[in-house]
Amino acid sequence: VIDPHTQTTVYAESADGVGAQSALESIDSVTHTLREKLGETLASIEKDSAPLPQVTTANMDALRAYALGDRAYQAGDLKQARALFEQALQLDSGFALALTGMARVNFRDMDYDAAREAVDRALALSDRLTPRDALYTKAWGASLQTPAAAITGWRTLTELYPDHLDGVYNLAMYQATAAHRFADCLKTTQRIDL
761 VIDPHTQTTV YAESADGVGA QSALESIDSV THTLREKLGE TLASIEKDSA PLPQVTTANM
821 DALRAYALGD RAYQAGDLKQ ARALFEQALQ LDSGFALALT GMARVNFRDM DYDAAREAVD
881 RALALSDRLT PRDALYTKAW GASLQTPAAA ITGWRTLTEL YPDHLDGVYN LAMYQATAAH
941 RFADCLKTTQ RIDL
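Here the sequence shown stands for residues 761 to 954, where the numbers follow the working numbering.
Hints in this document: simulated from the structure, not taken from any laboratory.
Note that the structure is a prediction, hence the values are computed from the model and not measured.
Some hints here could point you the wrong way.
Listed below are the simulated SDA-like cross-link pairs for lysine to any residue, each with C-alpha atoms no more than 25 Å apart in a straight line [what the hints assert, rightly or not]:
(1) K898 <-> R941
(2) K839 <-> D871
(3) K947 <-> L920
(4) K898 <-> E877
(5) K898 <-> T912
(6) K839 <-> A827
Model the full assembly from the supplied sequences, consistent with the hints where possible.
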């Protein structure tokens, strides 16, 4: 951890593991220790945390496929994103965030029934989602309802996680295009620190 003002290293933490499969457990160990050193209470850490392999996937190939699928989605290559999210799910059928990825692709392809099914499947595996990712998935589900529900879903996500840029973008988009609330859209987009 580096102080942004002085560029001084404040804390350094590491963890050892054996093989690629231990990477997520090592990240968990380092994160837990850093959160504690930075003043977060143990009760808060335990309440808001779950082991990464539990809330994502223990399969590193599935995690890589998901990450590449997310990159393809962000680049607008929906065909490749779909193929990579499907690969992630083939490797770990309970990878809830990959199901959310499929929901996003299906939504952009305007296959709303398939998007709704993917959201429902992901939320049924909510123990495999972080609280942030569960809220993100719920916001996608709200987007499949009414514009008002979508705005509520994305606003809730961005109020709790103001750094969630996808949430900010989607909230602003619904405010402008669905609700014609342009002043709200401008206020939402001004929160982004470019």
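Each hint tested on the structure:
no. : hint          : result
1   : K898 <-> R941 : holds (22 Å)
2   : K839 <-> D871 : holds (14 Å)
3   : K947 <-> L920 : holds (17 Å)
4   : K898 <-> E877 : holds (12 Å)
5   : K898 <-> T912 : holds (11 Å)
6   : K839 <-> A827 : holds (15 Å)
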